[in-house]
Amino acid sequence: MSLAAEQITIAVTVFNRRKYLKQAIASALNQTVPVRVIVAEDCGPDSSLEAFVRGEFGSRIGYFRNPRCRGIFGNWNACLDYCPTPWLSILHDDDYLAPGFVAALLELNRQAPDCGLYFGQTQLVTEVGEPFPDGLHPPMKVPWRRVELADILVTTPFPFPGHLFRVDYARELGGFRETSQFCGDWEMWSNLIARYGGAQTSAIVAYNRRHSSVGRGCTRIHLNGRLRPLVFVQQKRVLRMLRESGAGAIFDRAEFLRKSPMSVDYLIEHGAQLPPRILRYNVGLLLRSKPPSAQYAVFQAVARVLGVPFVKTASRLVRFLLSQNEPARERKAAD
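Take any residue in the sequence shown, note its place counting from 1, add 4, and you have its number in the working numbering.
Since the hints were made in silico from the structure, they are not lab data. Each hint can be trusted.
Quick list of in silico lysine-lysine cross-link-like pairs, DSSO-like style, CA-CA up to 27 Å: (1) K240 with K263; (2) K145 with K263; (3) K316 with K294; (4) K263 with K316; (5) K240 with K294; (6) K263 with K294.
Now the in silico label distances, taken between C-beta atoms and shown as ranges: (7) R214 with R114: 29 to 35 Å; (8) P103 with E134: 16 to 22 Å; (9) K145 with K263: 17 to 23 Å; (10) F255 with D118: 26 to 32 Å; (11) V37 with L321: 52 to 58 Å; (12) L310 with E176: 48 to 54 Å; (13) N329 with P90: 54 to 60 Å; (14) F136 with K263: 18 to 24 Å; (15) N329 with L128: 28 to 34 Å; (16) N329 with P279: 23 to 29 Å; (17) E10 with L326: 54 to 60 Å; (18) V302 with E134: 34 to 40 Å.
As the structure is a prediction and not an experimental result, all values here were calculated from the model. C-beta atoms are modelled at their ideal positions from N, C-alpha and C, and glycine is treated no differently.
Construct all of the structure, not just a fragment, from the sequences and the given hints.
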């Protein structure tokens with residue numbers, strides 16, 4: 005199926021965060037191949053946000069505001085409703101697109117014209133937009149490739165943003181899971197690939213901004229300790245689809261933890277504030293991980309003997325020591 009620029013809409017989603025919004029919208033508007041651009045506001049508390057956007061961009065964009073707050077993936081479903089074209093790309097207000105995003109995916113469609121999902125390489129950048137040295141994920145040795153379910157079981161080759169998908173296909177799949185806490189996009193892309201096929205270009209088409217703002221959904225999931233459990237749930241979904249297709253795939257969680265061990269630094273920094281059930285789950289991952297260092301092995305061994313209370317006590321102690329040193333650091337910075 006041949007794809008044309010007039011069939012594409014880029015939807016920029018926002019709740020109430022202005023800090024990066026202008027750059028996100030500008031990156032969608034300033035494509036080398038122009039397409040339609042809309043903003044989907046999720047009924048945020050900033051009553052002047054629409055006036056701000058229209059004052060910056062005028063009639064170049066369409067602006068929609070949900071009558072009620074629907075949450076991140078509910079707002080993505082609203083984008084499906086607002087989208088006037090067959091193809092849609094969703095862009096968070098704190099990320100931005102490369103100028104050649106549309107051009108690269110049009111070329112990818114010419115190479116693989118029968119897919120329901122197209123995406124490219126996404127560069128991870130700092131809060132001020134500086135690239136991380138190892139922030140290109142994943143490396144590709146070919147100009148483009150088809151993506152199968154087996155390719156997305158252990159790792160995700162499509163970090164947000166930088167994708168383009170068929171709106172009617174997404175609707176047929178029931179839209180995005182609005183109750184999803186973290187993996188709603190991964191789940192949709194997996195379903196699209198399973199039923200309609202997917203392809204990826206090696207071109208860098210988008211930039212994912214890493215920052216610690218509490219308004220960032222990934223940050224909240226990281227802080228509340230649910231990131232690993234939610235990832236495992238989605239991996240199980242992909243595994244089920246693979247088995248239903250007759251592929252007979254196997255996901256070895258022990259092998260996964262050997263390659264990607266539970267972070268001791270995370271447990272030390274956040275363990276004291278995690279809910280008991282979530283802390284137990286993450287400590288369980290720690291005990292099944294392969295130690296990447298001698299220090300890790302010692303911490304793991306003590307945790308194996310003393311259990312969750314040890315991890316919680318260690319976290320509380322470190323947090324207390326850091327709080328005691330904070331005034332001294334502030335005085336030094338002031339001097």
